[in-house]
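J.: Start from the sequences, fold in the hints, and give me the full structure.
Using our numbering, read the sequence shown as starting at 32 and increasing by one per residue.
Watch out, some of these pointers could steer you wrong.
What the hints assert, rightly or not - Taking lysine-lysine and the BS3-like style, the derived pairs with C-alpha atoms no more than 25 Å apart in a straight line are:
1) Lys79 - Lys127
2) Lys79 - Lys65
3) Lys115 - Lys79
4) Lys65 - Lys115
These aren't lab readings, by the way, just hints derived from the structure by calculation.
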Amino acid sequence: MTSSNARDEERLRECLARVFADGVLDESERDELKAIYARGTMMVPVVKRIFTEFVTATYADVMADGVVTDDERAKLRAIVQGLKLPDACVPDEVRKALVG
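T.: Below, the structure is given as structure tokens:
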């Protein structure tokens, strides 16, 4: 991995955390995310891995108290839908929490 790749990966992680902090992905935030991975320094599997890591970490935070509230479920749903995650990138436990 080049230093440019590493910087963009970190930028993408930071951007994900910031744009989903309120549980909503607006159009300007979506554009910001797209601009990071459109630079071409990260392969699609890397972007998918980072997205999957993010949704998994968010799920772990949600489950810290053992209860998934409606607001937490909405936030998980916003992440999965906002990032247009394919089923393969959505862990089973997250999928189950979304149904709950």
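J.: Below or equal to 25 Å on CA atoms is what counts here, so check Lys65 against Lys115.
T.: holds (12 Å)
J.: Can you confirm whether the C-alpha distance between Lys79 and Lys127 stays at or below 25 Å?
T.: holds (20 Å)
J.: Given the hint that Lys115 pairs with Lys79, test it: the Cα-Cα distance must not exceed 25 Å.
T.: holds (10 Å)
J.: Check whether the Cα positions of Lys79 and Lys65 lie no farther apart than 25 Å.
T.: Holds, at about 13 Å.
In this structure, none of the earlier numbered hints is contradicted; all agree with it.
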